[in-house]
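Student: Each chain, letter by letter, is given below.
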Amino acid sequence: MVYKVSIVIPGAEHAGAILNLREMPKVGDRIRVGEMEVEVLEVMDLVPPRGDFHFVHATCKIVEEAKSN
Amino acid sequence: MMNEMIELLKGVEFFDGLTDEELRRVAGICREVRYRKGDLVTTQGEEGEEMYIVREGLVEVTIGESGAAPRTVVNLGTGQVVGEMALVDRGPRSATVRCVTDAVVSAIQRDAFEQLCQSDHRIGMIVYRNLAADLSFKLRHRHLARR
Chain A
1 MVYKVSIVIP GAEHAGAILN LREMPKVGDR IRVGEMEVEV LEVMDLVPPR GDFHFVHATC
61 KIVEEAKSN
Chain B
1 MMNEMIELLK GVEFFDGLTD EELRRVAGIC REVRYRKGDL VTTQGEEGEE MYIVREGLVE
61 VTIGESGAAP RTVVNLGTGQ VVGEMALVDR GPRSATVRCV TDAVVSAIQR DAFEQLCQSD
121 HRIGMIVYRN LAADLSFKLR HRHLARR
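Heads up: the sequence lines are chains A and B, in that order.
The opening position of the first sequence corresponds to residue 1 in the numbering used here, with each subsequent residue numbered one higher.
The opening position of the second sequence corresponds to residue 1 in the numbering used here, with each subsequent residue numbered one higher.
Please keep in mind that the hints were generated in silico from the structure rather than gathered at the bench.
A few of these clues could be false.
[As the list claims (entries may be wrong)] Covered stretches of chain A (chain B as the covering partner; in silico rule of three or more C-beta atoms under 8 Å from a C-beta of chain B):
#1 1 to 11
#2 14 to 24
#3 27 to 36
#4 44 to 58
In this text, all values refer to a predicted model and were calculated from it rather than measured experimentally.
We put the beta carbon where it would ideally sit given N, CA and C, even for glycine.
Excised from the complex, chain A in its bound form (with noise of 0.2 Å):
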């Protein structure tokens, strides 16, 4: 399976990412996003399932910033 997930970051100047994982993200999880890291705050489904993919929206905060350059 595979998961493709819609990261949004409310309250942050970013624009969130989509990216694909190969386990379902739980609440606590940390995600790397480029240079970010991210913890999953909430974990819902956005539309039904189709083939092997699963189709999610997560809802993170930002716990580690990326590097500036």
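Dock chain B against chain A, hints included.
Tutor: What follows is chain B alone, placed relative to chain A:
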């Protein structure tokens, strides 16, 4: 190498539903491109003849509107597709795509893609359905991100 590419394509929603043999044909028109952090993959307003599958890394999609600073609308990671609109409508690039990290992508040229879809209508039907679903998912993400 070909088998590795097929396994990778199985993790891309765009190609969900294709058989291994069909994926082999798709893999045959993919060209690997490596970028460094900060490199541009596409530039808004320019002509585009390729779409890209993010294999490694993260890319940032930004849109500039007249009189306003460009703003990031989404970041796309492994398994996501960018530049697909140019394949569908042949219009100029709707956004600028920049690498947030070093990245590896697979580029698919429009003519090769169209030729493949025309030569095998099953591949064309599945891929275009998935393309619509991918655009829908991106719209849903954008709505949620703007709440």
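Student: The structure should be examined with respect to each hint, and the outcome stated for every one.
Tutor: Okay, the hints, checked on the actual structure:
Note: the region 1 to 11 of chain A has 5 residues with beta-carbon separation from chain B under 8 Å; the three-residue rule is met and the coverage holds. Counting residues of the region 14 to 24 of chain A whose CB lies closer than 8 Å to any CB of chain B gives 7, so the stated coverage by that chain holds, three being the minimum. Coverage of a stretch by a chain is defined here by at least three residues with a beta carbon nearer than 8 Å to that chain's beta carbons; for the region 27 to 36 of chain A and chain B the count is 3, and the condition holds. Note: the region 44 to 58 of chain A has 8 residues with beta-carbon separation from chain B under 8 Å; the three-residue rule is met and the coverage holds.
Taken one by one, the earlier hints all hold for this structure without exception.
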